[in-house]
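Engineer: If you want the building blocks of each chain, they are given just below.
There are 2 protein chains.
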Amino acid sequence: MKNRVITISCEFGSGGRTIGKKVAEKLGIPCYDNELLQKIAAESGFSENYIKDAGEYAPGGFLVSAFSHASRSGNPNNADYLWKIQYNIITELAEKGPCVIVGRCADYILRDKADCLRVFIHADMQFRAERIVKEYGEREQSPEQRLRDKDKRRAAYHRFYTDMKWGRAQNYDLTLNSGTIGIDRCADIICGLYE
Amino acid sequence: MKNRVITISCEFGSGGRTIGKKVAEKLGIPCYDNELLQKIAAESGFSENYIKDAGEYAPGGFLVSAFSHASRSGNPNNADYLWKIQYNIITELAEKGPCVIVGRCADYILRDKADCLRVFIHADMQFRAERIVKEYGEREQSPEQRLRDKDKRRAAYHRFYTDMKWGRAQNYDLTLNSGTIGIDRCADIICGLYE
Numbered sequence: 001m002k003n004r005v006i007t008i009s010c011e012f013g014s015g016g017r018t019i020g021k022k023v024a025e026k027l028g029i030p031c032y033d034n035e036l037l038q039k040i041a042a043e044s045g046f047s048e049n050y051i052k053d054a055g056e057y058a059p060g061g062f063l064v065s066a067f068s069h070a071s072r073s074g075n076p077n078n079a080d081y082l083w084k085i086q087y088n089i090i091t092e093l094a095e096k097g098p099c100v101i102v103g104r105c106a107d108y109i110l111r112d113k114a115d116c117l118r119v120f121i122h123a124d125m126q127f128r129a130e131r132i133v134k135e136y137g138e139r140e141q142s143p144e145q146r147l148r149d150k151d152k153r154r155a156a157y158h159r160f161y162t163d164m165k166w167g168r169a170q171n172y173d174l175t176l177n178s179g180t181i182g183i184d185r186c187a188d189i190i191c192g193l194y195e
Numbered sequence: 001m002k003n004r005v006i007t008i009s010c011e012f013g014s015g016g017r018t019i020g021k022k023v024a025e026k027l028g029i030p031c032y033d034n035e036l037l038q039k040i041a042a043e044s045g046f047s048e049n050y051i052k053d054a055g056e057y058a059p060g061g062f063l064v065s066a067f068s069h070a071s072r073s074g075n076p077n078n079a080d081y082l083w084k085i086q087y088n089i090i091t092e093l094a095e096k097g098p099c100v101i102v103g104r105c106a107d108y109i110l111r112d113k114a115d116c117l118r119v120f121i122h123a124d125m126q127f128r129a130e131r132i133v134k135e136y137g138e139r140e141q142s143p144e145q146r147l148r149d150k151d152k153r154r155a156a157y158h159r160f161y162t163d164m165k166w167g168r169a170q171n172y173d174l175t176l177n178s179g180t181i182g183i184d185r186c187a188d189i190i191c192g193l194y195e
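Here the protein sequences line up with chains Z and P, keeping their order. When the count follows this note's numbering, it moves up by one through the first sequence with no breaks and lands on 195 for the last residue. When the count follows this note's numbering, it moves up by one through the second sequence with no breaks and lands on 195 for the last residue.
Check the hints yourself; a few may be wrong.
Any copy, or any two copies together, can satisfy a pair, since identical chains are not distinguished.
Claimed, not checked - In silico DMTMM-like links for lysine to aspartate or glutamate, alpha-carbon gap of 25 Å or less: (1) LYS26 <-> ASP188; (2) LYS22 <-> ASP115; (3) LYS39 <-> ASP115; (4) LYS26 <-> ASP184; (5) LYS165 <-> ASP149; (6) LYS96 <-> ASP184; (7) LYS113 <-> ASP124; (8) LYS150 <-> GLU95.
Honestly, the hints are just simulated from the structure, not real lab data.
Take the sequences, apply the hints, and build the full model.
Structural biologist: Shown next as structure tokens:
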């Protein structure tokens with residue numbers, strides 16, 4: 001029997017991870033976010049930071065140059081190796097029981113394997129810029145530049161492995177603007193749709 | 001003072017119009033869909049069918065050839081003339097009071113004028129194909145072909161006048177898959193977000 005799984009894709013700074021945690025807490029099911037990273041790290045032998053970074057670079061460098069890609073996230077073989085581990089871990093988690101999975105193309109990986117509620121969370125630049133400064137502190141780059149950078153990378157990574165457009169409404173059951181709707185309310189709507 | 005307006009964009013056959021009507025009924029506010037068409041017809045002197053058709057062709061013909069465009073929906077001057085009338089009517093309706101407006105780029109037209117809840121409704125091909133045959137009957141073209149055709153036209157029309165990508169999650173507060181969520185539940189979620 002197929003478990004009911006909630007997958008949450010999100011723009012950086014939109015509060016998708018926070019929403020995932022809130023939803024899981026309310027529903028009394030596990031939320032895999034950092035735990036997922038830890039599992040991939042344990043299985044692959046790479047550090048969590050390396051995996052985090054690799055998850056936002058498309059191998060082959062159609063977004064960034066091959067050189068800058070190689071210097072940041074290793075060669076494509078590493079990326080493909082990580083993808084396989086990620087693929088297996090996400091599949092196993094979904095088989096284990098109902099859960100919330102944040103990011104890492106879980107919606108695509110589970111498309112034929114689990115009964116998924118596929119959610120995408122986004123918000124406008126200003127909302128996200130304020131949020132990332134509050135959550136992660138100031139950096140040399142402006143928050144807007146960091147967001148544009150991350151958005152591009154996530155979209156490219158998603159596109160590379162799934163051949164689907166990240167943020168295209170038709171790829172999800174539900175997309176929510178956390179900036180206008182509010183984080184708690186987003187969590188409530190998702191919980192309401194979970195049976 | 002700005003009125004609260006719900007704008008609903010939708011894929012053909014996804015039930016967006018039905019959802020709009022249900023929402024309006026529940027909230028006790030008017031829903032402008034066919035009424036909008038009638039108003040534009042009355043003001044412009046064109047028939048409702050002509051306007052319906054023109055609302056799904058991008059002038060200039062970057063989707064269809066200039067020739068086939070001209071033969072179907074008149075010259076670009078007509079399209080621009082209709083756009084201006086549509087623009088004014090939608091603006092006036094939003095100034096008059098809270099309401100639901102289905103289609104016709106109302107989300108874009110009202111972007112700086114009203115406090116909008118911007119919704120996009122979509123569903124997969126099979127759900128929509130069954131629905132259009134049930135609602136509008138069989139045609140010479142297969143339902144799938146009719147859907148693909150309409151989708152392309154709506155996206156092109158939207159793109160032409162708004163320079164925004166139709167169906168891109170980030171352009172809306174909320175997008176819903178009526179096929180997986182159900183039409184009544186979509187209406188409930190929208191009502192729940194309207195204050």
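Engineer: A separate judgement is required for each hint: does it hold in the structure or not?
Structural biologist: Tested hints:
no., hint, verdict
1, LYS26 <-> ASP188, "both (9 Å within a copy, 21 Å between copies)"
2, LYS22 <-> ASP115, "within (20 Å within a copy, 28 Å between copies)"
3, LYS39 <-> ASP115, "within (23 Å within a copy, 45 Å between copies)"
4, LYS26 <-> ASP184, "both (11 Å within a copy, 24 Å between copies)"
5, LYS165 <-> ASP149, "both (17 Å within a copy, 20 Å between copies)"
6, LYS96 <-> ASP184, "neither (27 Å within a copy, 32 Å between copies)"
7, LYS113 <-> ASP124, "between (33 Å within a copy, 18 Å between copies)"
8, LYS150 <-> GLU95, "neither (30 Å within a copy, 39 Å between copies)"
In the structure shown, a violation is registered for the earlier hints numbered 6 and 8, in ascending order.
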